[in-house]
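Student: Since chain A is already given, all that's left is putting chain B on it; use the hints.
Same order as they appear, the protein sequences are chains A and B.
Numbering follows our numbering, with no gaps: position 212 of the first sequence is 228.
Numbering follows our numbering, with no gaps: position 93 of the second sequence is 274.
Note that these hints are calculated values from the structure, not bench results.
Check before you lean on any hint, since a few could be wrong.
Derived, one-sided and incomplete: chain B residues facing chain A with beta-carbon distance under 10 Å [unchecked claim]: (1) 191; (2) 230; (3) 258; (4) 259; (5) 261; (6) 262; (7) 264; (8) 272; (9) 279; (10) 289; (11) 334.
A few chain A residues that don't get close to chain B, going by computed Cβ distances all over 10 Å [said to hold, decoys possible]: (12) 22; (13) 25; (14) 78; (15) 85; (16) 95; (17) 101; (18) 150; (19) 192; (20) 206; (21) 207; (22) 219; (23) 235; (24) 277.
Some chain A residues flagged as far from chain B (calculated, every beta-carbon gap over 12 Å) [unchecked claim]: (25) 20; (26) 39; (27) 56; (28) 80; (29) 124; (30) 139; (31) 180; (32) 209; (33) 213; (34) 214; (35) 223; (36) 227; (37) 228; (38) 270.
Just so you know, even glycine gets a beta-carbon here, dropped at the ideal spot from N, CA and C.
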Amino acid sequence: MSRLRYWINTFYSYIFRDIWRIFLSTLVGGISLYLLVFSVLFLKEAYKSKHYYRVFITVSNKTPHSDFTRIQNFLRSSENNIKLKILSPVEKLKKLSIKSEEIEKILPYTIIAYSSMPLKLNFPSDLKAFIIRVTSTPPGEKEFRRVLSVVRNFFIFLSISLLFGTILIIILTLHLSFISHIEEIKTLQMLGANRTFINIPLYFEGIFTGITSSIIAILMFLATEFLLKRYYPPLLVLLNGIEYDIISISSGILLGIAGSFLGTIFLLRMEEAS
Amino acid sequence: MIELYHVDKKYPPGIYALKDITFKVEKGEFVYITGPSGAGKTTLLSIIYLSTRPTSGKVFVLGKDLTRIKPDHYPKFRRELGIVFQNFRLLKNRTVYENIAIPLLIRGMDTEKIRKKINYLLNFVGLYSKRWSYPDELSGGEQQRAAIARAIANDPFLLLADEPTGNLDEEMSIEILYLLKEINLKGVTILLATHNKDIMKLFPGRNIHLENGQLINEQTKILD
Chain A
17 MSRLRYWINT FYSYIFRDIW RIFLSTLVGG ISLYLLVFSV LFLKEAYKSK HYYRVFITVS
77 NKTPHSDFTR IQNFLRSSEN NIKLKILSPV EKLKKLSIKS EEIEKILPYT IIAYSSMPLK
137 LNFPSDLKAF IIRVTSTPPG EKEFRRVLSV VRNFFIFLSI SLLFGTILII ILTLHLSFIS
197 HIEEIKTLQM LGANRTFINI PLYFEGIFTG ITSSIIAILM FLATEFLLKR YYPPLLVLLN
257 GIEYDIISIS SGILLGIAGS FLGTIFLLRM EEAS
Chain B
182 MIELYHVDKK YPPGIYALKD ITFKVEKGEF VYITGPSGAG KTTLLSIIYL STRPTSGKVF
242 VLGKDLTRIK PDHYPKFRRE LGIVFQNFRL LKNRTVYENI AIPLLIRGMD TEKIRKKINY
302 LLNFVGLYSK RWSYPDELSG GEQQRAAIAR AIANDPFLLL ADEPTGNLDE EMSIEILYLL
362 KEINLKGVTI LLATHNKDIM KLFPGRNIHL ENGQLINEQT KILD
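The following block holds chain A by itself, in its conformation from the complex:
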């Protein structure tokens, strides 16, 4: 028997004794992670709108791949510090089993070019045929404030409250876990176990809660995709190019670590003081 095996066994016993408690904390954690990731995306856009000229180039989705690449190269060569973001819902829509002819009806490609300088784009004539529309937005406080107000009014408040809520829930989860295992923990203390030895299964539990929360967040993102596809496909570009699964899982793990770290420090100090 090794230490690791002991910790894993202890973690299993903690989890399966209190499965409903874990489920509830996971559910709230998942909702908060979902909103948190969304608000981060909004903030990122708000920041860009404040500092960059943004040009939206709408390109036909019938554009051959080689010409689409040429359009991108042309944009890159037009300004030194240009950044491109390509919104292509095609792959996403294919994943959602939408037929290709329907895709063509739904959305063209959109390239967003971010530049610190105003852009004057004179596309070569053979490429112009594929360009449907070019619209430009200058950087500005006004739009920044508009986007920010949406974020501020809804996502920030909700997500930060839920962020702390998640950490609090993890702490409370661990607290309940701690209380239900208090005799076991006291016995371990009597046998000379230090804080780290006692805490490791609780860290596992915190991380587990974080990961399961992130799975719920991912399921919510998938549901969002499904609803957008069904009721308003153009908004699918919102989720385009976002690795929300990776973002959600990594934030879930970080929240789990933060919650369990804070929780165990607080709980063991409290126990020692008593």
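Tutor: Same frame as chain A, but now just chain B:
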């Protein structure tokens, strides 16, 4: 090896659990701490294993002043002791083997050494055949033997036993006493808190008798 000087333990609102306790225990002794329920036996032991701090007085174990040890150093000190409780305090969801392994895992011993040590201990307490049983599948005496094996796993210099026979019938109590005596003969100092005078008749020894938190008398031998 253990020295207590004028130790008081007072709980609010001014009730003394221990009052002016002074005594010494030498290395290798087998000492009974006796007295009725509420006399302060458990409090006395808990001061030695650092679960309770005395309100005043000094406690030395192997020359270390326990009243000056910082909480961060409690685990290291406790690893040098063995503790046996009346209610055994075995982890219910662990087998006998795993329970005995815990102090060795805490110490960071490698798996192979742990296996050898546990096999030795299981044979010593006569539980080898029950090594994969869970505590609830054992009799009281067997559970206490498992708890003793766990307590001596780290080769402690001192074994503190708080009413180890309190939940056992006479036959099992005698069995446990034999086991503790055997451990004592290997050089381990034993402090055994009990209110059962019958078991002391079997193995006479030094007795520290408490009543209402005060040390009433000390005897070198328990006599009828």
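Student: Run every hint past the structure and note whether it holds.
Tutor: Outcome of the hint check:
A least Cβ separation of about 17 Å between residue 191 (chain B) and chain A goes past the 10 Å threshold, and the interface hint is therefore violated. Of the supplied interface hints, the one on residue 230 (chain B) holds, with its beta-carbon coming within about 7 Å of a beta-carbon of chain A, less than 10 Å. The beta carbon of residue 258 (chain B) is positioned within 10 Å of a beta carbon in chain A (closest approach about 8 Å), and the interface hint is therefore held. Look at residue 259 (chain B): its Cβ gets to within about 4 Å of chain A, closer than 10 Å, so that hint holds up.
Restraint check, residue 261 (chain B) versus chain A: the minimum CB separation of about 8 Å is within 10 Å; hint holds. Of the supplied interface hints, the one on residue 262 (chain B) holds, with its beta-carbon coming within about 8 Å of a beta-carbon of chain A, less than 10 Å. A least Cβ separation of about 5 Å between residue 264 (chain B) and chain A falls short of the 10 Å threshold, and the interface hint therefore holds. The beta carbon of residue 272 (chain B) comes within 6 Å of a beta carbon in chain A, closer than 10 Å, and the hint placing it at the interface holds.
Interface restraint check for residue 279 (chain B): the shortest CB-CB distance to chain A comes to about 6 Å, inside 10 Å, so the restraint holds. Interface restraint check: residue 289 (chain B) against chain A, minimum CB-CB distance 7 Å, threshold 10 Å, status holds. Taking 10 Å as the C-beta contact cut-off toward chain A, the hint placing residue 334 (chain B) at the interface holds, the least distance being around 9 Å. A beta-carbon of chain B is positioned within 10 Å of the beta-carbon of residue 22 (chain A); the least distance is around 5 Å.
Not every CB of chain B is more than 10 Å from the CB of residue 25 (chain A) (nearest about 8 Å), against its label as outside the interface. Its beta-carbon lying about 64 Å from the closest one in chain B, residue 78 (chain A) satisfies the requirement of being farther than 10 Å from that chain. The non-interface label for residue 85 (chain A) is consistent with chain B: the shortest C-beta to C-beta separation is roughly 58 Å, beyond 10 Å. Every C-beta of chain B lies more than 10 Å from that of residue 95 (chain A), the closest at about 60 Å, which supports listing it as non-interface.
Every Cβ of chain B is farther than 10 Å from the Cβ of residue 101 (chain A); the closest lies at roughly 52 Å, confirming the non-interface assignment. Residue-level check passed: residue 150 (chain A) sits 67 Å from the nearest beta carbon of chain B, beyond 10 Å. Look at residue 192 (chain A): its CB is around 17 Å from the nearest CB on chain B, clear of 10 Å, so calling it non-interface holds up. Chain B draws residue 206 (chain A) into its interface by the beta-carbon criterion, the shortest separation being 5 Å against a cut-off of 10 Å.
Not every Cβ of chain B is farther than 10 Å from the Cβ of residue 207 (chain A); the closest lies at roughly 5 Å, contradicting the non-interface assignment. Annotated as non-interface, residue 219 (chain A) keeps its C-beta farther than 10 Å from every C-beta of chain B; the closest such distance is 17 Å. The Cβ of residue 235 (chain A) sits about 32 Å from the closest Cβ of chain B, beyond the 10 Å cut-off, so the non-interface label holds. The non-interface label for residue 277 (chain A) is consistent with chain B: the shortest C-beta to C-beta separation is roughly 18 Å, beyond 10 Å.
Distance to chain B contradicts residue 20 (chain A) as a non-interface residue, since its nearest Cβ pair spans about 10 Å, not more than 12 Å. In this structure residue 39 (chain A) is separated from chain B by more than 12 Å, as the shortest Cβ-Cβ distance comes to about 21 Å. Against the 12 Å criterion, residue 56 (chain A) stays outside the reach of chain B, whose nearest CB is about 39 Å from its own CB. Look at residue 80 (chain A): its CB is around 63 Å from the nearest CB on chain B, clear of 12 Å, so calling it non-interface holds up.
Separation of residue 124 (chain A) from chain B is adequate, the least Cβ-Cβ distance of about 61 Å exceeding the 12 Å criterion. Every CB of chain B lies more than 12 Å from the CB of residue 139 (chain A), the least distance being 69 Å, so the non-interface label holds. A cut-off of 12 Å between C-beta atoms confirms that residue 180 (chain A) is not in contact with chain B; the least separation is 29 Å. Not every Cβ of chain B is farther than 12 Å from the Cβ of residue 209 (chain A); the closest lies at roughly 5 Å, contradicting the non-interface assignment.
A Cβ of chain B approaches the Cβ of residue 213 (chain A) within 12 Å, the least distance being about 6 Å, so the stated non-interface status is violated. Distance check for residue 214 (chain A) against chain B: the nearest CB is about 9 Å away, which does not clear 12 Å, and the non-interface claim fails. With a closest Cβ-Cβ approach of about 21 Å to chain B, residue 223 (chain A) is found to remain outside the 12 Å limit, as its non-interface label requires. The claim that residue 227 (chain A) is not at the interface with chain B holds, since no C-beta of that chain comes within 12 Å of its own (minimum 23 Å).
Residue placement check: residue 228 (chain A) keeps its beta carbon more than 12 Å from all beta carbons of chain B (closest about 22 Å). The Cβ of residue 270 (chain A) sits about 28 Å from the closest Cβ of chain B, beyond the 12 Å cut-off, so the non-interface label holds.
Of the numbered hints listed earlier, those contradicted by the structure are 1, 12, 13, 20, 21, 25, 32, 33 and 34.
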